[in-house]
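> Using the sequences and the hints given, assemble the complete structure.
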Amino acid sequence: MCAGGFLLMALAERGTEWMLFPGAVFHQLGGLQLAITDIQVAGLFPKLKATLICLIAGAADVSAFAPILIKLAYQAGISYKTCMFTFTGIILLLSSVNTNTLPPRQDEDGKNIDIACCFKICKRHSGTKEAWSSQF
584 MCAGGFLLMA LAERGTEWML FPGAVFHQLG GLQLAITDIQ VAGLFPKLKA
634 TLICLIAGAA DVSAFAPILI KLAYQAGISY KTCMFTFTGI ILLLSSVNTN
684 TLPPRQDEDG KNIDIACCFK ICKRHSGTKE AWSSQF
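For the sequence shown, the residue numbers in this note's numbering are 584 to 719.
Hints may contain errors.
Dumping the calculated DMTMM-like pairs for lysine to aspartate or glutamate here, alpha-carbon to alpha-carbon at most 20 Å [claimed, not checked]: (1) LYS664 x GLU596; (2) LYS654 x GLU600; (3) LYS654 x GLU596; (4) LYS632 x ASP621; (5) LYS664 x GLU600.
I should point out that these hints are in silico values taken from the structure, not numbers from a laboratory.
Just so you know, these numbers come straight off a predicted model, no measurement behind them.
Below you can see the structure in the form of structure tokens.
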């Protein structure tokens, strides 16, 4: 989602300025998802968990500096599209690393949680659907 936001902003030109707003929204929502994922990665290192979470939170705060970097690059002669495509590549690289390094989800018995397990849970709770709908 974050990369899609950068891509929309990169493709915005004169006449398609409307792409900037959805691009910025996607960038913001995707950045929040990446931050949440990075906090899960910090759980892989129990002794450094607090330090890593603080670094991730700090990196999210410093991310407001990215538009300034884009402006400086633009003033140095690098095109806006090149900057946005570069940021898109960086986000895709980081998100693919996060996806590949996260351990599989497991239940209390040590069994991996996959889509089939999720369907079983949904079927188990589908009998209580009428109870939920009657409450609302």
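> Taking 20 Å as the top limit, are the C-alpha atoms of LYS664 and GLU600 close enough?
holds (14 Å)
> Take the C-alpha atoms of LYS654 and GLU600, compute the straight-line distance between them, and say whether it is at most 20 Å.
holds (18 Å)
> Are LYS632 and ASP621 close enough, with their CA atoms no more than 20 Å apart?
Within the cut-off at roughly 11 Å; holds.
> Straight-line Cα separation of LYS654 and GLU596 no greater than 20 Å?
Measuring from Cα to Cα gives roughly 17 Å; hence the hint holds.
> Assess, step by step, whether the Cα of LYS664 is no farther than 20 Å from the Cα of GLU596, and give holds or violated.
holds (10 Å)
In this structure, every one of the numbered hints holds.
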